[in-house]
Every structure is written in structure tokens, then in C-alpha cells.
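Residue numbers (the working numbering), protein chains in the order written: chain A, 1 to 368; chain B, 369 to 678.
Simulated from the structure, these hints should not be mistaken for laboratory data.
These numbers were taken from a predicted model, which means no experiment stands behind them.
It is possible that part of the hints are untrue.
Stated by the list, open to error - Taking beta-carbon pairs under 7 angstroms as the criterion, some of the chain B residues facing chain A (in silico):
| no. | residue |
| --- | --- |
| 1 | Leu422 |
| 2 | Thr424 |
| 3 | Gln454 |
| 4 | Arg645 |
Claimed, not checked - If you anchor each label on the Cβ, the simulated ranges turn out as follows:
| no. | chain 1 | residue 1 | chain 2 | residue 2 | range |
| --- | --- | --- | --- | --- | --- |
| 5 | A | Ile34 | B | Arg541 | 40 to 48 angstroms |
| 6 | B | Ser503 | A | Val289 | 27 to 35 angstroms |
| 7 | B | Thr424 | A | Val229 | 30 to 38 angstroms |
| 8 | B | Asp393 | A | Gly350 | 30 to 38 angstroms |
Each residue gets a CB set at the ideal place from its N, CA and C atoms; glycine is no exception.
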Amino acid sequence: MNSFIRIGSVTGKEFKHLARDRLTLGMIVMLPLIQLLLFGYAINTVVRGIPVGVVDMSNSAAGRIITEQIRVTQVVSIDQHFDTPAQARDAIIAGRIRAALVLPEDLTHRIANGATVGQWMVDGSDTMVGSALLGLRQMPLKLEAGAPSGAYQAVPPSFEIALFFNPERRSQVNIVPGLTAVILTMTMILFTSVALVREREQGNMEMLITTPIHPLELMVGKLVPYIFVGILQISIIIGLGWSVFDVAFFGDYLNLAVITLSFIAASLTLGLLISTQAKTQMQAMQMTVFVLLPSILLSGFMFPYDAMPTVAQYIAEVLPATHFVRLIRGVYLRDAQLGQLAPDILWLLGFTVVMLTVATLRFQKTLD
Amino acid sequence: MSEPAVRARGLSRRFGEVLAVDNIDLDIPHGQIFGFLGPNGSGKTTTIRVLCGLLTPSSGEVVVLGQRIPAEAEAVRRRIGYMTQQFSLYADLSVEENLQFMGSIQGLGRRARRQRIDELIEQYELGDMRNRRASAMSGGQRQRLALAAATIHRPDLLFLDEPTSAVDPENRRDFWEKLFDLLESGTSILVSTHYMDEAERCHRLAILDHGRLRLEGSPEELMGALDNRVVEIDGRDLRKVKNAALALPRVLSAAQQGLRLRVLLEEGEEDPCAYLRSALDGQALEIGSARPSLEDVFVAATLPDSEDAA
């Protein structure tokens with residue numbers, strides 16, 4: 001009986017701890033809420049609205065009908081038109097579109113002969129997007145209306161599909177580069193936030209701020225080691241991805257360095273901001289989880305960005321990981337150049353500046 | 369020097385509803401060890417933090433080493449040292465690494481640092497633990513390391529917040545010897561404590577209670593002011609006598625110390641012994657006047673009713 005009383009008193013005390021720790025209480029409610037909303041609404045494995053381009057070299061009524069019929073499937077959204085396949089390819093490498101439909105000059109002739117009518121150039125680096133586009137290979141196209149007389153064929157026209165960057169459709173090719181974003185998000189934000197909060201929690205900060213050190217000096221000094229930690233981690237992932245999973249790195253190492261450092265900077269300054277907010281290391285970890293979860297689920301690492309509803313896409317746009325997933329897949333698999341990736345890089349740099357400014361303003365050299 | 373090391377006028381600091389420091393005036397001269405004596409929560413730490421520029425005063429005027437605080441706090445940081453209540457160096461760094469870090473933060477050049485660290489290690493007897501991590505040191509050793517780190521830049525003014533609360537009496541004695549060495553080398557010192565024996569070593573004392581400055585003066589002055597107000601009673605049934613004494617209108621406090629009861633009376637009683645003897649009906653009691661101690665001073669200064677008087 002005594003044992004029950006003792007267990008009961010421990011339980012009662014634990015409930016009080018829970019009730020008085022607002023962040024933990026918040027997590028208890030927010031975690032299932034956020035997870036459910038993310039999985040329920042944002043994550044959609046049936047891909048819709050993939051941004052694609054069209055290169056209609058036939059410039060014919062049949063070409064326009066085919067384009068229109070593909071558009072109404074809603075699998076793709078036809079955002080751009082190009083004059084040459086080379087332009088479309090560049091847009092794919094830059095990540096502006098996921099695929100391009102090329103309709104050759106002799107389109108009408110090909111329809112009449114029952115030959116393959118066109119080619120899909122598909123960015124295979126995202127396997128889910130690749131699969132969705134493979135479904136368009138056999139489309140029950142109806143060409144009666146507007147088709148030249150005598151062109152009708154019993155056999156529906158089909159397309160040839162060229163899967164770029166990942167012709168075997170291996171998921172590792174998709175996962176390995178994206179994983180760098182998740183791992184760096186986790187470690188960079190967590191390490192910096194915890195490292196700074198630790199100084200405060202253990203009382204070091206009280207002593208440090210009576211010395212002539214400037215807050216910015218302290219922050220920059222604390223961040224520098226983690227830049228090397230980030231570089232080490234990304235080297236491990238790329239090394240293992242290549243040696244164990246045979247995911248070759250096609251890109252330029254200088255480009256890789258630029259995008260990685262931009263992302264590390266953005267993540268570190270986000271960690272810094274968390275550290276100015278969190279009072280204990282535990283709180284810093286909990287806050288990191290709130291950034292980490294959407295970074296895994298919404299960044300495009302696990303589920304295609306294009307398939308998410310607009311609201312989720314807005315949230316994803318705010319997360320540095322989303323931009324880095326785009327960048328790293330571009331550099332890693334498509335050998336995209338910095339100029340083509342500029343918007344995402346600039347976004348990360350801007351994010352860094354804003355976070356650093358806010359964190360410095362919030363970090364005052366007093367205990368007030 | 370005409371300008372004191374620290375001058376505060378009407379210094380207050382509020383945390384929400386709580387007035388932690390209430391309208392304090394202070395003049396701390398150069399070349400002395402100045403003590404803050406007060407119970408926990410009396411505002412000692414808050415006052416020191418304001419003087420160091422760690423906290424912004426809610427109101428009042430503070431000048432430290434000729435610089436206005438907090439506006440010119442940065443200028444004063446090079447000239448003050450602060451040893452926090454809790455050990456605030458890095459537990460996972462060695463003695464030498466901690467001192468290297470503090471030295472370079474304080475702007476000492478490589479060679480000056482090297483030399484100064486050797487000096488400090490010698491001075492604070494840390495020679496055989498140069499490479500030991502702070503986590504593996506005893507309370508007293510850690511305290512010496514903290515003092516070495518706080519004085520690495522030879523500050524003009526050193527703040528010590530309850531520096532010996534985690535140290536045994538013998539180490540405490542040693543520690544105070546080090547403080548007098550520092551004083552001789554030109555560092556003025558402000559130290560807070562709740563130990564009477566430490567307070568007695570200070571040149572001047574300020575007694576704080578509930579955020580207010582109750583008394584200020586040298587320990588001798590403060591104790592002298594209580595002459596003829598402290599009485600010791602020896603006898604049987606002292607617990608009963610104590611209750612009887614406390615019920616008397618002129619008795620401020622009564623506390624047993626060993627075999628005797630120490631009674632503090634209000635000011636202005638001509639012959640306190642006679643008063644008590646008659647009031648307590650004390651035939652069986654041995655009643656005699658006693659030399660006031662600092663504890664008596666402290667008790668007299670922090671009595672609840674003196675709040676109205678103050």
C-alpha cells in the first residue's frame with residue numbers, strides 16, 4: 001500500500017512539473033496538431049500540378065490540342081513555352097520546371113503514321129515526380145477535333161520519355177542529397193542554440209558580459225566551429241552516398257561549397273535566434289524540433305514540393321531547408337550553375353542577414 | 369582620490385512588482401575592502417550586478433570609476449573584475465585554458481598573457497593543477513582559479529559576489545589573505561557576504577535588508593554604536609527566560625548562544641542589566657553586559673520594526 005502512495009506522490013509531482021513547463025505543455029498539444037496537419041493536408045503523394053514546359057516545334061493545331069489535353073489532366077501545370085529543346089533543358093537544370101514536352105516539327109505526320117508523337121524530358125531526380133510523369137506516357141489522346149482529315153488513328157498516340165539525371169529511378173539518388181539538408185538543419189540549429197544557451201545556463205554569460213567582449217564577437221566566435229562541423233557532415237554524407245549507395249556527385253565542388261556555406265550560415269543564425277529566446281538547453285532542443293519537423297516534411301526532401309497545397313508551400317518557402325533541398329539537388333544531380341540557382345542562394349543569404357540582425361538586437365549585453 | 373570608486377544616489381531596481389533594491393545611496397572609497405552584509409534576497413547580488421553594468425537601474429544615478437553606469441558601462445569594463453556567485457568559468461577547460469581565454473578576452477597580448485598567467489598560477493598556488501580541468505578541482509581550488517581569472521587584467525575595482533559560500537573555513541581564511549594582497553597591489557574591492565567573520569574583515573560595511581541600506585560604517589563603529597545594549601543571561605530554563613524577555617517592551621531580540629541567552633535592548637536604557645533583572649524577576653539568573661558583536665549589529669539593523677524607523 002505504501003508503494004502505491006509513493007508512486008502516487010511521484011505521479012502527482014510529475015503532473016505539476018508538466019503543468020508548469022509551458023514549452024513542454026505546448027509540445028504535448030502542438031506536436032500531434034502540427035504533425036496531423038502536415039501529414040493530412042500538406043503531404044500528398046498523388047502528385048498534381050507539376051510545373052512543366054512545352055516546346056511545340058510543330059506549331060500546329062494538333063500540337064495545341066495535345067498540349068491542352070495534357071493540361072486538363074491536372075497532373076502538370078504548363079507554365080512555360082520554349083522555342084528549342086535546349087532552352088527547356090536549361091530550365092530543367094535550373095529547377096524552374098520539372099519536365100518539358102517536346103513536340104517535333106513533323107507532329108501531324110507522326111500522328112498520321114501512328115508513330116511516337118513527342119518526347120517528355122523529365123527531371124528524374126525526384127522519383128515521385130518522375131513516376132507521375134511516366135503515367136502520361138500512354139494518354140488516351142483524342143485528336144478528332146481539329147485534326148487534319150485522314151489523320152485519325154485507332155492507336156492512341158504515345159510519347160517517348162527521357163528520364164534525366166536518374167534514369168534507373170533509384171530513390172537513393174533522390175534521398176542522399178536531400179538528406180544533407182535534413183541533417184544540417186538538425187545539427188546546425190541544435191548545436192548553436194544549445195551552445196549559447198549553455199553559456200547562459202551555467203552562468204558563464206554573467207561573467208562574459210562584464211568583460212569588454214562585444215555580443216557580435218561572442219556570437220561569431222561561437223558559430224565558426226560549427227561551420228567546420230557542417231562541412232564535415234556533408235562530406236560524410238556525400239562520401240557514403242557515393243561509396244555505399246553509388247550516388248555519384250555530378251556537380252562542381254565550388255558550387256557545392258557556395259550553396260552549403262549559405263545554408264550553414266542560414267541555419268546557424270536561426271539557431272542563434274533560438275538561443276536568444278530559450279532559457280534552458282531543453283527549451284532550445286524543443287524549439288529546434290519545431291523547425292526540424294516541417295523541414296523534413298515540407299522541404300521537398302520526403303514529399304514533392306509541387307504536390308503540396310499553396311499554404312504548405314508558403315510555409316515551406318520560409319524554411320531554409322526547402323531552398324537548400326532545391327539547391328543541393330540542382331548542384332549534385334543536374335550540375336546546375338550558381339547563376340541558375342541564384343534566387344534560392346540569395347534567399348538563404350538574406351535569411352542569414354535578417355536572423356543575425358534580429359539575434360544581435362535581441363542579445364543585449366545585460367541580464368535585464 | 370576625491371572621486372570615490374563607486375558612487376550611487378537613489379539607486380533602485382525593480383523586477384516586476386518586486387523592488388529588489390530600494391533607493392540606495394553609496395560611496396565606496398578607493399583602496400578599501402567594502403562589504404555588503406545581508407541575508408539572502410536582501411539585494412546584494414542585484415546591487416553588484418547594477419554596479420557592473422549587468423542590470424540597468426530602474427532609477428537613480430550610478431558612477432563607477434568616474435564613468436556613468438549604464439551609459440558608459442563599456443568604458444568601465446576594462447577596469448573592473450567580477451567574480452560571480454556561482455563558478456562561471458568553463459568546467460571542461462583546464463586551469464591554463466581558462467586563464468588563456470579570459471586573458472585574451474580582456475585584451476592581453478600573447479606575451480603579456482603568458483607572463484601574467486605564470487604569475488597568477490604562482491600567486492594562487494595552482495602550479496600542480498595547471499592542466500587539470502576545472503571540473504576536477506575542489507571548491508577552494510576553483511575559487512582561487514575564479515579569483516585569478518577575475519583579476520587577470522589587473523582591474524582597479526573588483527566585485528566579489530559571495531565568493532566563499534562554497535568554501536570551507538580554512539580556505540576562506542586563505543582567500544581573504546589573497547584579497548588583502550590584491551588590495552595592497554592597488555585594487556579596490558567590493559565583496560558581498562552573509563558571514564559575520566568575513567564582514568568583520570572589511571574596512572567598511574553596508575548592511576542591506578529587503579533592498580534597503582540599513583547601516584553603513586566600519587565594523588568598529590557599527591559595533592560601538594551598540595555599546596550598553598547587549599546583555600548576556602546565564603542560568604536555568606533559558607528557553608522560558610527567552611520567551612519572557614521577548615515579551616518585554618524594551619527587548620528587541622533574544623537568542624540563545626550555547627549556554628547563554630543574548631539579549632538586545634532598545635536604545636536609551638541607562639542600565640540594561642538592572643532593567644532585565646527587575647523585569648525578569650531574575651534572582652536565579654546571572655545577568656551581565658556583553659561586548660556587542662557584528663551579529664548584534666546585523667540583528668539590530670534587520671529587525672522588522674526598524675523598517676518603520678528607517
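Going down the list of hints, with the structure as the test:
1. Because the closest C-beta pair between leucine 422 of chain B and chain A is about 5 angstroms apart, less than 7 angstroms, the hint holds.
2. With its C-beta approaching chain A no nearer than about 5 angstroms, threonine 424 of chain B sits inside the 7 angstroms limit, and its interface hint holds.
3. The interface hint given for glutamine 454 of chain B is met, as the beta carbon of that residue sits about 5 angstroms from the closest beta carbon of chain A, less than 7 angstroms.
4. At its closest, the beta carbon of arginine 645 of chain B sits 53 angstroms from a beta carbon of chain A; the interface hint therefore is violated under the 7 angstroms criterion.
5. The hinted window of 40 to 48 angstroms between isoleucine 34 of chain A and arginine 541 of chain B is violated, with their beta carbons roughly 59 angstroms apart.
6. The hinted window of 27 to 35 angstroms between serine 503 of chain B and valine 289 of chain A holds, with their beta carbons roughly 29 angstroms apart.
7. The hint said 30 to 38 angstroms for the Cβ distance between threonine 424 of chain B and valine 229 of chain A, and at roughly 36 angstroms that hint holds.
8. Our hint of 30 to 38 angstroms for aspartate 393 of chain B and glycine 350 of chain A is violated, since their Cβ atoms are close to 51 angstroms apart.
Checked against the numbered hints given earlier, this structure breaks hints 4, 5 and 8; the rest are met.
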